[in-house]
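4 protein chains.
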Amino acid sequence: MFRTRLLVFLFIFSTFYCYAQDDNGVMSMDESRFPKKRQIIRIPGFDGYQTLKCDFHMHTIFSDGQVWPTIRVQEAWQEGLDVMAISDHIEYTPHSKDVVVDHNRAYEIGEDMAAENNIILIKGNEITRNTPPGHFNAIFIGDSKDYIADRDNAKDKQAVMKAADQEAFIFWNHPGWKVNSIDGSYEWIDLVDELLKEKVLGGIEVFNGFKFYKKALDWCVDNNLAVMGSTDMHNIVGYSYNFKEGAHRSMTLVFAKERTAQSVREALEEGRTVAWSTKYIAGKEEWVSKLFYASVEVSPVFHAKTRNEKTTNYYEIKNNSDLYFEMELKSGKGTRTVTLYPQSAQVISATEGQEKLTYEVVTAFVRSDKNLVVDIPLK
Amino acid sequence: MFRTRLLVFLFIFSTFYCYAQDDNGVMSMDESRFPKKRQIIRIPGFDGYQTLKCDFHMHTIFSDGQVWPTIRVQEAWQEGLDVMAISDHIEYTPHSKDVVVDHNRAYEIGEDMAAENNIILIKGNEITRNTPPGHFNAIFIGDSKDYIADRDNAKDKQAVMKAADQEAFIFWNHPGWKVNSIDGSYEWIDLVDELLKEKVLGGIEVFNGFKFYKKALDWCVDNNLAVMGSTDMHNIVGYSYNFKEGAHRSMTLVFAKERTAQSVREALEEGRTVAWSTKYIAGKEEWVSKLFYASVEVSPVFHAKTRNEKTTNYYEIKNNSDLYFEMELKSGKGTRTVTLYPQSAQVISATEGQEKLTYEVVTAFVRSDKNLVVDIPLK
Amino acid sequence: MFRTRLLVFLFIFSTFYCYAQDDNGVMSMDESRFPKKRQIIRIPGFDGYQTLKCDFHMHTIFSDGQVWPTIRVQEAWQEGLDVMAISDHIEYTPHSKDVVVDHNRAYEIGEDMAAENNIILIKGNEITRNTPPGHFNAIFIGDSKDYIADRDNAKDKQAVMKAADQEAFIFWNHPGWKVNSIDGSYEWIDLVDELLKEKVLGGIEVFNGFKFYKKALDWCVDNNLAVMGSTDMHNIVGYSYNFKEGAHRSMTLVFAKERTAQSVREALEEGRTVAWSTKYIAGKEEWVSKLFYASVEVSPVFHAKTRNEKTTNYYEIKNNSDLYFEMELKSGKGTRTVTLYPQSAQVISATEGQEKLTYEVVTAFVRSDKNLVVDIPLK
Amino acid sequence: MFRTRLLVFLFIFSTFYCYAQDDNGVMSMDESRFPKKRQIIRIPGFDGYQTLKCDFHMHTIFSDGQVWPTIRVQEAWQEGLDVMAISDHIEYTPHSKDVVVDHNRAYEIGEDMAAENNIILIKGNEITRNTPPGHFNAIFIGDSKDYIADRDNAKDKQAVMKAADQEAFIFWNHPGWKVNSIDGSYEWIDLVDELLKEKVLGGIEVFNGFKFYKKALDWCVDNNLAVMGSTDMHNIVGYSYNFKEGAHRSMTLVFAKERTAQSVREALEEGRTVAWSTKYIAGKEEWVSKLFYASVEVSPVFHAKTRNEKTTNYYEIKNNSDLYFEMELKSGKGTRTVTLYPQSAQVISATEGQEKLTYEVVTAFVRSDKNLVVDIPLK
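Residue numbers (the working numbering), protein chains in the order written: chain A, 7 to 385; chain B, 7 to 385; chain C, 7 to 385; chain D, 7 to 385.
I should point out that these hints are in silico values taken from the structure, not numbers from a laboratory.
Because identical chains share one entry, a pair is satisfied inside a single copy or across any pair of copies.
Cross-link-like lysine-lysine pairs, in silico, DSS-like; alpha carbons within 25 Å at most: (1) Lys103 with Lys151; (2) Lys263 with Lys385; (3) Lys336 with Lys220; (4) Lys43 with Lys339; (5) Lys103 with Lys311; (6) Lys362 with Lys43; (7) Lys324 with Lys311; (8) Lys296 with Lys385; (9) Lys43 with Lys311; (10) Lys316 with Lys362; (11) Lys362 with Lys336.
Predicted, not measured: the structure shown is a model, and the values here were computed from it.
Whenever a hint applies, use it, and build me the whole structure from the sequences.
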């Protein structure tokens, strides 16, 4: 229709609010409420595995966290997790003046709400020793009471073994945290080595919140341990992670045969995981690579342009996942840098007559010093 | 790890910016730039059809729009359209003092950029008469010069028929706009009836920008015309549509056998479309219904709770699309209201022993006075 | 500089993240963290009063809330409050199996953090009776132990009077909540009338979260009680209030001589308050009016346009506050509707030769059925 | 009031949309429209100067831009500019096949809309030569026709002098752009030196879009030239600048005696400017310093804490502007890093008995290699 240049100046009503009024003089103004919704995080599965979004490390008021357990379940539901574990510290309970210390309670309180909202809640605790060795998460545990180590006398190993005796899955947390070496560097230590040899250690946190422990990635790869990513949340997830940026909480992507606790356990033991934090993913080459190819789709050539007898072909490359991939051309003649934002597409071009372009995915780590390299087929 | 209650107060670095510097004293600060990306709008296809996102009605400086044609292509690419038509007014060219009037130019200027970015650009124009009858869009047209009606002398019908002779696809725009009836109501008119009888009229705009012409929906349903939705954009799309809200531009969803201009034309002629604006969709019951069932997925019962011998089952209902569905329970015992936000899930519960719940989708219109009714199976 | 039409397609780097790496293989990825900052809510004072942003009604795990008290202080700091009171239920402590019941603790735990962050923390509790009368907040209280009414035996009035004896400031909460009348209407009740006559009642909640109890506004105006607005938050403020929308939590604006607890108390007793929720404000005409004129600024005429011997003058009208005003012209010839978004400006025009335009501010209530009317001077 | 842990799951209505319907079957869905509003950019003045937000460098379809001039005025209004100049290239008009070349038209077309919206529109053009010297902006010009240099034959200097003869204010654009030196470095050149000596050169762009030409800052400081910042926009401002991030367009802050074109001209000639892009500001120390102290406010000590006989005082530091300051402690004992986000506050602490803390503002440049240093008084 005809519009004048002043059209834009005619938008004179609020975009923000409206209201409904009942007959009793109560006006509801729900419009600036956050909607009650569970965000779907889109990450495809592959090879018959589902990709489950898991966070096995968070705290409540039952240790040094600041929220009631139901808040953790609510966060998991809203933020699209499939699986979660509350892992309050066994040996550190600063709220004990006000809160009765019982390391089974966080799980018991969250249990119903998780069940009713289709969240797989796994029982856990954090075994909390001085550094080194520091902290270990024990998940899939039984009654917490059975393995509480006497804080003063227990040997570090004894504290971990008590959980192991219950057939817990045990992983080492933030290995580079509060290290007591002079230069701040962190190293592989004897206790962890013993736990590894005794097949008690199942994984290591490579991402803890916004920290990336790069050496830990090599340790996982070299010893076939599960690569773990966690929030280690004490405060409120939505205050640390800027969801309005399209960000997500740090997590472990578990490639499971089914959406069940048993399948998660089996996948962890077989090390079928990739850790994810901000725009980075880290894991064993096999899994990082499969995750990339399951997420990214390349169109056949949709356009060709010939100039000075040289023909350039155009392709659309789509990232169907909520992951983020930044790619740099390693070989072939084509677009040099490609950024695949979550659920978005890019156009790339390549000189005619090539079978593929080879890119390094600089946001995907398969070792501390090595990124994933991928081939983009040109058809 | 141990954290004090003050942890959150330690986040003291900007989340917003960082910078890179080259050796020549030029510092780049790209970080507050919008990323160059094409958003994928997720709407599944069905029955072997792809759902193409189309906008067949927009303007440039070649009539009364305020942007160069390449901006329209750029918008289409960023905002996830598959198909677009620039439809500048034939008989209204207020910029003619500065811009040479040639109704083929907008298409010619946008052509290469569209081709290189995998946007299907369809040639069009808006035939612009007084109201009634008002405006008609002609798309899939040939040389504009061949059917430019003399503005002063041409009969309204003649102006439309000249485009029809070129085998254009013709639809009636914003039928309720600037009506000259006293009470502001808009009605079916003789010219349109003639065009219909002569099989010249292919569709009617039910959504124009943020307007919903409800009567036009009934006219389309009763006469098997394509239900159309358009932006009719003159200014900048991103200034009218608040994309940070997760909103999208108004558009026509076309269910096409292939992602080609020919398939789009065929689907339009067969009326395989649904119009989409803000949170509303409108169309023939068959297509609105298929679109809903293709988008929404219901889990088997994942949890059951028995209280006073009454068992309630829990189900997860997922909206895998970017559409928005607000549902109210019509029959069955279960959750009374469900809001399915784009790409999110909800939990619904239902009393055991029922085969389904029946909901009215209050945001999906199949007639001016009728919403889609859907069955949610309970397994 | 020269740019081609494809320029926009060159933005190929993430806007979101960057990273810093230390020497020990720990990479920090802070970039998607929320910044640690206290938002300034801009609302001017007037007549020598400061406008303090206050929320006197919220809960923690010490009654039926879901967060530790420090979270409430952190929220207040981030969200720009000056003054807060935690008001856990005296007679309702559903977490008592895990949390030791002590109604002084929430205050004690929050005290230091509030002091260190310049938040005025006022001690409070919610006296929780059946409906009617329902709930009363007592703030500026002494030792909670001294007035805990025996839950089973205490008369409603007795429970309130015990707090009154401590010289608490007492207000009636959400008067229309869970009313037991058949038609859901809520009315003035005897107990409240007694408390009023005995000068024990100081105010009534007109806004509770997203509810607007309109009748309560009239009761406050007619009895010179403080008009109160609160979140009554049990969950997390940032999950109920969509701050990314520029929304703010519901609150009471207190016009105080100084930024001290004493000044707040004095202002409450004199009823110098306006309640604020979503885009609405409500209060006595005197204070709502002064708040409007302190917030809004009108420029002298900056442009005049004469057409057919009729001259139209242009003015800029600025809203220097974070309040929101929607205005409809009541008398005078000029712009008919003006929406003053937070911290933004509009252009209005008026026929020459008028001294003012008179608008009704439809988002500002001075009675249940009356909006503020303002004069916009034309110079 | 009593709420169960499931309360949050009761929010089941859309926060996004609502609709109004008229009697004629036209439903309006305005709710996802962007509001029509002019954002106020808060930057205080000082010493009797107002801080005007100015962008003197942008393009339209009359050279190589992609929008009609009114879009530039609309952007300026929405984005809070006080002053703007459209500066289309004289010697580069790639749209000339479709657009009649007339370098006065962009100004003429934008003039009324600017006047009606209180935007000061200054006439300008970009004198476009090969590199070096590259491009110069001439603003406050007369009739463009009088100084159009013949593109093929005119000497670079002649082209500039013709504008100078009209008493234009002339500044050098993006001095480091497309330099033809082998190593990409950019240097002071003879022509510019001549223009400087002849008092024809008035300023240099230190910020051009997202580029920071650091050497140019030194040249401005050493030769008392105006430090300029511009968007040099060709596309759409809102597509390059991510306003939802709280970002703003690059601009020149002009410290003017009045909000008039004359005052702007006078301030430019006296070099009373600071350039602003993303989170950075750059300018002469005098003006950057005054801008900082006008924007930032420090409270008296509001809290003191004594531990082991050492007392720490707490202060609130407020940034009342939309500028961004990142500060690192240089001397004194107190908070080591402070990030002052736009319109927000921080708490800082300092050991008792000091008169001040001294910080380096790492986001404020007074030379290419020097940041502003500020004293924060402790009272």
